[in-house]
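Here the structure of chain A is known, so what remains is to put chain B in place on it, guided by the hints.
Residue strings, one per chain:
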Amino acid sequence: MTTSVQTKTMTMVQSINDAMRTMLAEDERTLILGEDVGVNGGVFRATEGLYEEFGAERIIDTPLAESGIMGTSIGLAANGFRPVAEMQFLGFIYPAFNQIMTHATRIRQRTMGRYTSPIVIRAPYGAGVRAPEIHSDSVEGLFTQMPGIKVVVPSTAYDAKGLLISSMEDPDPVLFLEPMRCYRSSRMEVPEEKYTIKLGKAAVLKEGEDISIFTWGAMTIETMKAVEQIENEQNISCEVIDLRTLYPLDKEIISQSVQKTSRALIVHEAPGTGGVSSEVLSVINDTSFLYLRSPVERVSGFDTPVPVYSLEQEYLPSPEKIKHAIQRSITF
Amino acid sequence: MLTEFPLQQVLNEEGHVKEEDTMQTITIDQIKSFYYYMLRARLLDKKCVNLQRQGRIGTYVQYEGQEAAQVGSALALEKGDWMLPTYRDHAATLTFGQTMRNLLLNWRGRLEGGVPPEGLNIFPPAVPIASQLPHATGVAWAEKKKGSDRVSLVYFGDGATSEGDFHEGLNFASVFQTPTIFFNQNNGYAISVPMEKQMNSKTIAQKGLGYDIESARIDGNDIVAVYLAVKEAVKRARNGEGPTLLEAVTWRYGAHTTADDPSKYRDQAESETRRKTADPLLRLERYLKNEGKWDEAWHAAIEEEIQEEIDTALIEMENYPEAELSQMFDHVYDIPTWPLQEQINEHLATKGRNA
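Line by line, the protein sequences are chains A and B.
Sequential numbering of the first sequence, starting at 3, is according to the numbering used here.
Sequential numbering of the second sequence, starting at 4, is according to the numbering used here.
Okay, chain B solo, but in the shape it has when bound:
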């Protein structure tokens, strides 16, 4: 299946163009924009790891190394499309328009983190593995029923392909030909379990065959390949040609979460090697240098701009009003049931406040 689903690459690790014709469709400005969004995501991720170490946010899920997969796919969507992330996909949601403040609030245990800005369709990050895939089929099915050309894109990891909901989501999408892009980030590990223990199949893309779903395997660290593959899948979906399964092969440099120690299950030297060889940002830097388009002043300027944005978001997060008690109660039902209302009243009375 490795030959049936070859790893699609447009830009190789050294930043050399593998597919000249394909690369013609991408401008230098686009490359610089890709780089900007990836750098923005990476700097936020690094900041969040530090914030967790300082106790300013709770357990944090890092994505460093997966920026090309997330940013490239997010940039291929349009406003009005649906994004269904997991807890590791804030590079995608950030790029799609979620605010940095809300993302930080999410890691501070705040409900605001699951609320998309007005006008954007972003589901709250799914926690039970693969449970979001049927939702992606459902929201896209709704768009199809409404006669719109909007699509949904759902993120999930390699481990998620073992769950029943992966198969049910794909099968429903196939049967009802929903405009859904199933975007797999195969980062090689489900916490500690490597892909070869997770499945006996050599690729995740081949799992689409069982559902007659168009599938492809792409270098998930090559943002150009990711962007173009998702663009193509989105175009097919908008044209009523049904769902697509994309396997973006990538690697997370860090731990599963800040509560995890990856040295228990893998040699972290591999991550360090990959930083120097296969990094998605380094690849664009090399490409721009090869093309004579790398501009140190530009790089310094965007980095400073992003750091300022992060600092501002951090201040917003830290100055954000404390969680109102009502947030626990207000949105369980449209109108609280009487047992819940009694519990609220008693709780407030105990606190010496007015019910």
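Looking at chain A on its own, in the form it has when it is part of the complex:
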């Protein structure tokens, strides 16, 4: 006996829209706030149709002020609402940083649980779409070190809906990063009904035996390309894991995979130093040190600002660089 689940073919940006529509219909406390999220439906169309369906009281075109969006969301959340605050691009989140760092993530502790901040901060992020300056930042590492918040990054339409609904139901603030390159890069069948994907759980995109590759966001695309090429060229079997939640990391999947393959590579587009890859390394170190047959490899962006787009392909991890790192690990 199988029960049939109604599905619909969606891009990631459509499934994000669908997640918000689902929660807006289910929970009247849900509000969507941001720049151009209402009448315009969002600059990426992530909120398209929501204004027409749920009205201006719930789908709110705000003034162009990120700190104001975040600060008023904190007040709304402390007083019973569940705001989804859109930062138009992650590179524009910096004016809101103080509100997130000193209030959204701390109000629960500062009031011993009396007030909380169940806010989802949605932000498109990442390079590779020839966007103007500052529109391509990957600063997830600034937030994974911030106590009180969770950091979530889907890379597929299916995951995006389930993870966004989980984020919207989470009792604490969640930074929900949306890789712009994945918004429309592929379509897949997505259930029309509500479903959730637990935060803190990674996904095995491809099983393999010789090396574990940990990545997230749009770098899943580059990683899968590299893996396809190297597996065709050589007798190497790669396991690819999409971390999906960057804080807290999925310790179980990371350790199980590394203990199986004995080798690891981390691929991300954020600058190399001080970011999430260091924490993945730390998990491997803590759980699987004696299983390793070679040093853990990393392919990342540089310790530079994300460049203007004439140079962004040089900045981003490429299949060539990823293949090279796999090779280094295997032949160590």
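No lab work stands behind these hints: they were computed from the structure.
A hint or two may mislead.
Have a look at the derived ranges for each label pair, beta carbon to beta carbon [to be verified]:
hint	chain 1	residue 1	chain 2	residue 2	range
1	B	T6	A	F99	36 to 42 Å
2	B	E288	A	Y96	50 to 56 Å
3	B	Q57	A	Y96	39 to 45 Å
4	B	N203	A	N42	36 to 42 Å
5	A	F99	B	L212	28 to 34 Å
6	A	G82	B	E321	34 to 40 Å
7	B	S204	A	A58	30 to 36 Å
8	A	Y96	B	G213	22 to 28 Å
9	A	A58	B	D264	48 to 54 Å
10	B	R241	A	N42	54 to 60 Å
11	A	A58	B	E7	32 to 38 Å
12	B	M331	A	Y96	27 to 33 Å
13	B	Q33	A	G82	30 to 36 Å
Chain B regions said to be covered by chain A (calculated; three or more residues, Cβ under 8 Å) [claimed, not checked]:
hint	region
14	105-118
15	132-144
16	332-344
Beyond 12 Å from chain A on every Cβ pair, some chain B residues (computed) [what the hints assert, rightly or not]:
hint	residue
17	L5
18	E81
19	G100
20	P197
21	N203
22	D264
23	E273
24	A352
We put the CB at the ideal spot given by N, CA and C, even for glycine.
Below, chain B alone, put in the same frame as chain A:
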């Protein structure tokens, strides 16, 4: 702008009534109640400065001189309204219903200081300057969405008007017409920087013009003027007429905090002069004497009652159980994340306690 936003006064420094009709609305009992709450706040403040000197509490932020602004505005609110203070506004939170014990605990580095008593809506004191203004807009916006008539009142100083969050808070409140009272205490100095270096505008009230927000400038040491201006702003907010910006012009007698030395940046003789001329408590004392209503026995009785209350609160503070280690961990997330839980376990194991 000084003429567009004249300093509103009902009772002048000598305790003479400037606005007879307005004063008619205030009873002697109310005046005595104002005096009581201001005296209560002042005696607590003085005690706290001493406690800091004795090392019984940590760095303390005094508000002496600003009692009329804080007490008058707090008394104009009703239970159910929202108060968003800074670290200098415990005269307001005390008057609104925060316990003396919790206020003392706050200065003893305890989280309990940020928790309002059940049934009262008080945010924990904001530390990053002006960051609380957007919150005040947000909580009031929520009340509007719920269809209630509750309002929010947020405190901030003259220096806060330079921060972006001041402008963002006001603009959002204006655009969404939230029931918010932006209550500025202009005490002339942001630590060491005087108002004329902080801004080129002559008033803070005029900043409301840019947002089409009803604004007024009041004598912040005249509790009657403060109380009535806030009452009016609250009434407008409850009626759906949107936010108000009030500039209460006042003066802090003391240092920015007990860690500050104001003689570095201003002549403290000014404070001593103001104590004798413009003090908010002295003003009510003069008024009551002018009216033949000052009663030494009453004054002695309330002072004794307040001292007893402070002594009791102090004992409660000093006998309060030591901070539980769990307070550091329990409220970071609803449920601790695994890295945090591992850190907790390891810490407890190192201390030789059960995880």
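How the hints compare with the structure:
1. B:T6 - A:F99: 36 to 42 Å: 41 Å, holds
2. B:E288 - A:Y96: 50 to 56 Å: 51 Å, holds
3. B:Q57 - A:Y96: 39 to 45 Å: 43 Å, holds
4. B:N203 - A:N42: 36 to 42 Å: Since N203 (chain B) and N42 (chain A) have Cβ atoms about 37 Å apart, the given range 36 to 42 Å holds.
5. A:F99 - B:L212: 28 to 34 Å: 30 Å, holds
6. A:G82 - B:E321: 34 to 40 Å: 37 Å, holds
7. B:S204 - A:A58: 30 to 36 Å: Taking Cβ atoms as reference, S204 (chain B) and A58 (chain A) lie about 34 Å apart, which means the hint holds.
8. A:Y96 - B:G213: 22 to 28 Å: Check passed, 24 Å falls within 22 to 28 Å.
9. A:A58 - B:D264: 48 to 54 Å: 53 Å Cβ-Cβ, so the 48 to 54 Å window holds.
10. B:R241 - A:N42: 54 to 60 Å: Once the Cβ atoms are compared, 34 Å apart, the range 54 to 60 Å for N42 (chain A) and R241 (chain B) is violated.
11. A:A58 - B:E7: 32 to 38 Å: Distance hint for A58 (chain A), E7 (chain B) holds at roughly 34 Å.
12. B:M331 - A:Y96: 27 to 33 Å: This hint holds: roughly 28 Å between Cβ atoms.
13. B:Q33 - A:G82: 30 to 36 Å: Check passed, 34 Å falls within 30 to 36 Å.
14. 105-118: The restraint on the region 105-118 of chain B holds, since 4 of its residues have a Cβ under 8 Å from chain A and three suffice.
15. 132-144: Check passed, 10 qualifying residues.
16. 332-344: holds (count 9)
17. L5: With a cut-off of 12 Å, L5 (chain B) remains clear of chain A, as the shortest Cβ separation is near 30 Å.
18. E81: 16 Å, holds
19. G100: Its Cβ never comes within 12 Å of chain A, the nearest being 14 Å, so this holds.
20. P197: Non-interface label stands for P197 (chain B): nearest chain A Cβ at 25 Å, farther than 12 Å.
21. N203: Holds, since 23 Å exceeds 12 Å.
22. D264: 27 Å, holds
23. E273: 34 Å, holds
24. A352: Consistent with the label, A352 (chain B) stays out of reach of chain A, its closest Cβ about 15 Å off (over 12 Å).
Checked against the numbered hints given earlier, the structure breaks only hint 10 and satisfies all the rest.
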